[in-house]
Amino acid sequence: MTERTQKGRLKSRGIREVYLDAIRTRWQRWLNRRIPPATSISLSHRSIFILPSKAGGIFLLLLIVMLITAINYQNNLIYALVFWLFSMSMGSTLLAFKNIAGLTLSALPVNAGFVGDELQLTLRVDNAKSNWSAGLQLYYPGNEARTVSLSPGQSQVIQLPYLAQTRGVFPNQRLRIESRFPFGLFTVWSWVALEYSIIVYPKVIESPLILSHKSDDDTSENDNSFAHTTVVDDEFFGFRNYRPGDSLKRIAWKPSARTDRLQVQEEEPMQPITCWLRWESLAGIDKEQRLSQLTAWVLILNQRGWRFGLSLPNSRVEIGDGDEHRRRCLEALALCP
Amino acid sequence: MPLVRKSLLLLIAGVLSALVLHHTYLPLGFYGLAALTIGYRLTIFAGWMSFPRWPIKATAVLLAPAMVYFSFNGTVSLEGTSAFLVAAGLLKVLEVSDRRGGVVLIWVIFFLQASGFLFDQSFYAALNGVVSLWLATAAMVSLQASTTRGLPANIPVLRTTNSLMLWALPFMLLLYFVFPRVGPLWSVAVQANSATTGLSSRMSPGDIASLSQSDETAFRVTFDGVKPPQSQLYWSAMILANYDGRAWEVAENDDKTINWWLPSRKQVAAQNDDSFYRYDIMMAPTGQQYLFALSEVVAVDAPATNTLGLTEEGVLLSKTPIFQSIGYGVASATVATSLSNLSQPLSSSTQNNFSSRDQFLQLPRFGNPQARALGEQLQQETNSVSAFARSFMDLIRNQNFVYTLTPPVYGDNDIDAFLFEQRRGFCAHYASALAFTARASGIPARVIGGYQGGEWHPDGFLIVRQYDAHAWVELWENGQWQRFDPTAAVAPDRIEFGLQRALEQEGSFLRERLLSAQRMRQVSWFNKVMLQVESLDYYWTRFVLGYKGNTQRNFLKRWLGADQFADGLIYIAYALVLSFLFTAAWLWRQQRLNRPSALIRAWQHLQQVAAEGGVDSKHGTAPTALLTDIKTNYPVLNAQCEVAQKAFEEHLYRDVSSEKKTTRELALVKQLKALSSRIRALSKLRNR
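Just so you know, the sequences run in chain order A and B. Just so you know, we're using numbering that gives the first Met the number 0 here: the first sequence kicks off at 0 and counts up by one. Just so you know, we're using numbering that gives the first Met the number 0 here: the second sequence kicks off at 0 and counts up by one.
By construction, these hints were calculated from the structure, which means they are not laboratory data. Incorrect hints may have been included.
[Unchecked claim] For lysine-lysine, the following DSBU-like pairs were computed, each having C-alpha atoms within a straight-line distance of at most 30 Å:
| id | chain 1 | residue 1 | chain 2 | residue 2 |
| --- | --- | --- | --- | --- |
| 1 | A | K128 | B | K660 |
| 2 | B | K556 | B | K265 |
| 3 | A | K128 | B | K226 |
| 4 | B | K226 | B | K265 |
| 5 | B | K659 | B | K630 |
| 6 | B | K91 | A | K53 |
| 7 | B | K226 | A | K53 |
| 8 | B | K5 | A | K97 |
| 9 | B | K5 | A | K53 |
Bound-form chain B, shown alone:
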């Protein structure tokens, strides 16, 4: 069955549509391959070239895997595997020439689309999926509708596709909501080189500045109840405690000290509602394990039990790296809440046995002598940790320090160069300098990496973007960690209003992204559209992508009263039975419509009865002839037959009004039925 034009074009469009989501990781060479194979196939279709012979095919089959291998350095990763699938699909395009090949290509399209969802699950990805599904389905229909003579004109390929997709939609939704979301069956290959942006576990002072060029959404927060003031929105993600003279790094976590059994918010909410911030976070994939929370974390609602844990230092962690958007709920103690009031502090750092004190005092033996001297000087001048930090920040405030996205590159003794020569830096420079001087003066200090602030959407949720990335410092005072943010000293606007306001004078906000939507927020209509897009994305992430685990359980319980996943399966069964009944009813109706009229049925019955009674009626005997035969066989029925015969003739040949005709037809049916029962009775008598 050769491939008709419509099928071929639909197939190629389907492949292109299914490739869209793979753009995030595919090397440039693949676009060349796509252009080559699709172009080649189209010229074949136009008749300018013939199908490639085997040497070309063999070369292509050898080259494509080699291309994949070298593009991904020979590692087995999700990207590599998907790229291999992409290459195979593109080569299949070149070769496809008949129905069978077309069907294979459709399977490839479906699988490409599915694997594309591993890289992007946004609302737009879903739209793209609908388009691909439509194209591939239409291609399937056109393949099956075409015959050796091609596709018949006017055959409703697209209408069939549309009606099938719409018909299937409610069933799809039902399955989607009810199908139990179980955990992974086995651990899977993960993205090797995740294309996601975000904090990294090693922070040199310039790192956050580069992150600030991204306006991607890092996470969104929905507060339930009290919302903290903007200046308190310190979303800590990681504790950078190890300093090697250049960069701050996350200390390895001892898995044994991580607490995977966290109380849920319900358990702590009863204690005192005002003493907690309660919020839900929907975060974009990071490819890493860290999560965001306001300190101090008191309770966590994980997407599934025991998937989130809290380290000794009070940092939230996911058990596995996060490659899909996830949602979780947190309750954090407000500043006003005295930690000692908590019945059971979650992280041991709040307790007084501060065992790893040395870890937070560790410094390289050499380097930055001026900063060390400064630390010792401040230590002697002040009598408390708070006073130390305050005088450090006064120093920054009074000495013409500049908050800039474009600091100079500092070489050796970078903290000295920053503090005493250039005085230009981004948040990481200030945090690094404060932590260094504190440690030099014997105060336990650590740098916290995370995000600060965020933008409130009119719908009431908070959007935290990558450029809200921030670093600040915690110092050990009176048996607990206290937050100090030296950036607030140099650029108070950064903390109160965000990065854009803080960099207004410099004009470096998102400078590398001229087309960024965030730069155009001043245009009011554009801003409105942006807000709409934001809220769409928010609800999508929250309710569609976040539909799993506990969310599903709650949803099913609320709408279907189902307590367990097993109940969900029962609903699937109900749905199947219902659709079965519906189909049966439909078929029955269809059959009724096709049923012969009452007259014909009565006539057929008479024929059958007569045959059983010994009157041999050949198929196709004229009605009147059969009645004559009956008369000869059963003389008793003479009169009755004659009446029927006459009625029959009248019915067949006399032209009367339709109304009269129906009444006469009914009378005739009655007569025939009566005749049938008489014959049956008579033949029974005879047989006796």
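So that you can see chain A by itself, here it is in the shape it has in the complex:
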């Protein structure tokens, strides 16, 4: 019996979820038609929404109570006060609208980031109107908001934090620009999708480095590749115990923490090492996990100045080095289907 009711509840929740999802997708579709994503968007009546805020609801209740007082005590001055307040709140909708209508939001170039990083999405807000835009709040849902007030003709560059959660091409997330000026009784807002051409790299998961020493990349010998791999750990990079006289700059803090003794990094080998990072070398692990580990390795090797190549199921990056090479590798990882 209880099992059945539980099942029923689960089922009903599922249905609700389905409905909510359907509403959400329809809403997004409608928004995409109404306010299409662009690199620069001017807010107009087409893209601005306005509704009473919570404070506005309480204010309405207050007005009703005051109106009842006026009726019951037949008090003309209270009538006048109520009507004036009501008319002013109606007038405030116009000012609220004017506060954000005519603003232009433009996307500015942004640095790429990793999943789990807080991207700083940079945009410029131009107030070309003849009136102030006071108390604007901008944020990506779920992220911290930035507040800004713009005098007539003023422009301001702001960075909105955005916690990257999926790798790949940055989806055109909608940011919310909102204001409650002048009274706080109405919220005016818009959902703006600024197009940023950035790529979010996979999450970095640090793990022991596994390298393939085979210089040729015969992928048919998939199974063999394990035989030629070496687990590269801290030892590999040559840490040794700290000796008096070692430069403090060479202390490796992370391994030190692991061993409870100060570790010092030994000199890098003069000759850059050449190697391949292979998808296959991580067989048996979850796909995203694999990508994350490969990302970490790319970062480490790039930092060390090694020459390396990257081989993925659908793409490969030839051996190379430098920041451009790093970018290509990370993009390949990010865009891996």
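Given the coordinates of chain A, work out where chain B should sit on it, guided by the hints.
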């Protein structure tokens, strides 16, 4: 969002402004509380102290209601409720530290102001309301304009406030005039201890003397047509028929005998215009039910139907105690009008079946033996009631009686002491003495409490003040009540010119009010200002506060042709639609201003058409590059494209006079449009 200085100061000023109207009833302790909380909050703001911790807050939250409870003896009254609100608002001042708290405090300010209007509705109260509204609105704007970094400099907080208030004013007026004034939805808590001054339903001889120290306006009268002479302005309010040996008291009214269905003035006016005084009275709140009128009341225009009634004795009454200024119209029979001519006398006292005769003869069994003897003596000497009264008044006139505001305190047998020993008294003493002697001699008598006289304002209306309060006597003669005023015998000036003239020698007029404006009427410029203030107050009371019920109905009918309240709602709807259209037009204009130029629009159109026609143009392709792409895709359009390309380059890079530039721009727009339509036609052909 922390509170910025401007917001805090505006909020505190707003609270103080909203408290002004509550001064009439607030106990002194509340001023202490206000000084304490506001002072505390300001020192917090200055950084000298920190916000109170919870023990202080908890103590305050417990003490404030206790203070309210003990100040108002634990009764639930309007004053008590408002005082509680005041206390809560003041405590909130202490605590307010962020935007949310500020918003709550603004709600409190609005509500305090509204409840303040329950105690004072004068013109000055309205001005005070405007100030409070302005302060609270400015506080709202400043709260919303401030960010985590504070209030941006130069942000137009006050200008926004002003423009919003002015913008809203016409809408407010429209709603004010059109919104139907319906009756109370349910009966409400009323003032427990009304601060209003006025007659009380129990009059001991000293009472009216104390009333005479007040120069507050009791009511104002506007006559329509004939104005009665000053000596006939006897505004009766209540009939004091019960005498207990010390004071005269109003007899309880039997509700069943009150006539709530009174004819309106229109109904009687047609009969004979000269036989009636027709007047409108605007009276200040009294907290009681009595109304003022000249006897004999013939017709009444009530503010709303069946709210005013007439007792059997001919006294006007309101159904509910009067806590707000009200206005009503009355028609009274002139003295010349023979009552028998009236088709239907309103009060039964004018009829001959005088049932409650004993009530008007009732006296205590003992006391004042000399006065009783006097009554019997006068009765034997005279042969009619009028002659009786006349000889009583002759007695007063001839025996060095003094009309004074400062009579001695009379103990037992007060009427004997007054008549035969001290001979000093105010109107109530004389009225009381006459009524007593009359009753002692078997003549039905009653004391009437009300006002006598008043001051004529140059604008033509009559102002009756509290010090015009008066008491006189009515005696039953030939089947009807006749008015006799013994005060006229001792102080004829009181009746002809008013109290100030009558007390000129004694100098006791408004003695307790050294600063009273009425004492300074001799100074001519001051008098002028006073008259201005009076007429302002008069028109305010008459047209603003009196705007309800029938007044509203007439106003709407006259100006809008609206017959019913429902029509008023239709006008509200019209106004809403109009303002909506206005806003839409404004938005449309705004959008036109922001619209891109014709050239850019033509260009965007071309881009779109080209994209549909298979020419892939990426956003941001240079104009000339797109035209080249079109050429390769549609070789037919080669020549046309080249012309456009050239024109485009010229437009962009060649420096020519602005006049030439506009003509060329127009030509270019034409070319681009032509190109667009050609491409569209060609791509259609291709698709086929």
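Exercise for the section: Could you work out which earlier hints the structure fails to respect and list their numbers in ascending sequence? Expected result: Hint check: 3, 7 fail, others pass.
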